[in-house]
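With the hints as constraints, model all of the structure from the sequences given.
Using the UniProt record's numbering, the first residue of the sequence shown is number 1, and each one after it goes up by one.
Derived from the structure by calculation, the hints contain no laboratory data.
Simulated pairs of lysine to any residue, SDA-like, Cα-Cα distance not exceeding 25 Å:
no., residue 1, residue 2
1, K46, G36
2, K66, N304
3, K111, S314
4, K23, G82
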Amino acid sequence: MNTYEKPLKVLVCGTNFGRVYLKGLERCGDKFKIAGIFSHGSTQSKQEAEKYGVPLITDLNEVSKKDFDMACVVIRSTAVGGKGTEIAGALLEKGIHVIQEHPVHYNDIVKLLKVAKENNCVYQVNSFYPNVKNVQEFIVKSNKLLKKSRPTYIDATCSTQVLFPMISILGKALSGFHTWKLQTIDSVNSKFPFKVLSGEIRGIPAIVKIQNQLDPKDPDNNGFLLHRIVLGTTEGSLCLDNSNGLVIWNPQMYVPHAEGVLDMYGNNSYVELPVSEVADGVRNTTYAEVYKELWPEGIVCALNDFARAITDNSQKNIMAQQMLTISEIWKDLSEKIGSPQLIVTPERNGIRLADIAE
Numbered sequence: 001m002n003t004y005e006k007p008l009k010v011l012v013c014g015t016n017f018g019r020v021y022l023k024g025l026e027r028c029g030d031k032f033k034i035a036g037i038f039s040h041g042s043t044q045s046k047q048e049a050e051k052y053g054v055p056l057i058t059d060l061n062e063v064s065k066k067d068f069d070m071a072c073v074v075i076r077s078t079a080v081g082g083k084g085t086e087i088a089g090a091l092l093e094k095g096i097h098v099i100q101e102h103p104v105h106y107n108d109i110v111k112l113l114k115v116a117k118e119n120n121c122v123y124q125v126n127s128f129y130p131n132v133k134n135v136q137e138f139i140v141k142s143n144k145l146l147k148k149s150r151p152t153y154i155d156a157t158c159s160t161q162v163l164f165p166m167i168s169i170l171g172k173a174l175s176g177f178h179t180w181k182l183q184t185i186d187s188v189n190s191k192f193p194f195k196v197l198s199g200e201i202r203g204i205p206a207i208v209k210i211q212n213q214l215d216p217k218d219p220d221n222n223g224f225l226l227h228r229i230v231l232g233t234t235e236g237s238l239c240l241d242n243s244n245g246l247v248i249w250n251p252q253m254y255v256p257h258a259e260g261v262l263d264m265y266g267n268n269s270y271v272e273l274p275v276s277e278v279a280d281g282v283r284n285t286t287y288a289e290v291y292k293e294l295w296p297e298g299i300v301c302a303l304n305d306f307a308r309a310i311t312d313n314s315q316k317n318i319m320a321q322q323m324l325t326i327s328e329i330w331k332d333l334s335e336k337i338g339s340p341q342l343i344v345t346p347e348r349n350g351i352r353l354a355d356i357a358e
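Structure representation (structure tokens):
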């Protein structure tokens with residue numbers, strides 16, 4: 001077991017999504033300290049290093065364990081054509097704990113866990129979205145719902161870039177990651193932008209729709225949505241409308257009947273049920289608030305879990321096993337849907353509901 005005096009000195013690798021990690025680290029108080037930024041030396045990375053008053057490192061040979069306890073590798077992994085996995089491995093070989101942004105290929109995770117063990121440090125993949133407040137609310141509500149009613153179906157939709165965390169979300173919502181049995185449906189209209197898979201997840205009938213499209217010049221902006229998940233039960237459906245959006249409960253409509261007469265107008269508890277309810281723990285927000293507040297708060301949760309894994313072997317082992325299982329499912333589904341269709345992202349105008357009110 002490792003022990004550390006606070007704060008843990010952190011190297012942040014990458015300053016695109018890495019800026020969200022930096023904002024999260026700001027919120028962690030004395031648990032963590034931003035100690036450096038690793039990047040290729042872009043103008044943005046220089047500005048971030050200056051903002052936080054830390055060195056900007058452009059050569060991994062300059063990174064030393066005496067200067068850093070852990071690193072956040074927020075650079076695209078080998079699985080999506082980046083060098084993040086290679087960087088993670090080099091840092092682990094130095095004995096530096098690494099948390100790496102998703103997705104990471106199963107075979108790479110196995111190798112990196114081995115390197116981490118050999119160098120007495122911890123490696124973890126951050127699937128990110130399960131730690132976002134709105135998604136956490138869906139997970140908690142799902143756990144409670146399944147204690148009160150029987151699951152009847154799952155309808156899950158995502159873009160291919162966030163398939164890895166969707167698997168994590170569903171695993172946590174259903175209190176387990178085994179067993180996924182899904183096959184692609186070949187009869188879907190070829191122009192439909194989603195690949196459709198059907199089967200069972202943990203014995204529950206399921207449909208999974210994945211937008212398997214990619215704009216190589218703008219890979220972060222071509223998704224129709226992040227995640228939308230509906231968990232159906234004998235009592236109704238719980239819906240995660242969007243990873244950054246609302247959690248909605250829709251009780252199943254039921255009209256009591258006796259002697260062949262539907263009791264729509266009588267005095268019974270069912271007619272008093274709200275048609276829909278929005279979970280108290282979430283609210284409508286703007287994208288500015290998502291980037292400044294919601295996502296950095298999610299990073300805080302992920303970093304706190306990672307810090308516990310550094311000092312608690314049982315926590316480390318649980319996280320490692322979950323990570324391997326998620327990655328194995330991700331690999332299987334990715335192979336089934338095939339390579340993404342290359343597209344050009346259309347221009348957008350930022351329409352509000354009021355713009356289509358008349």
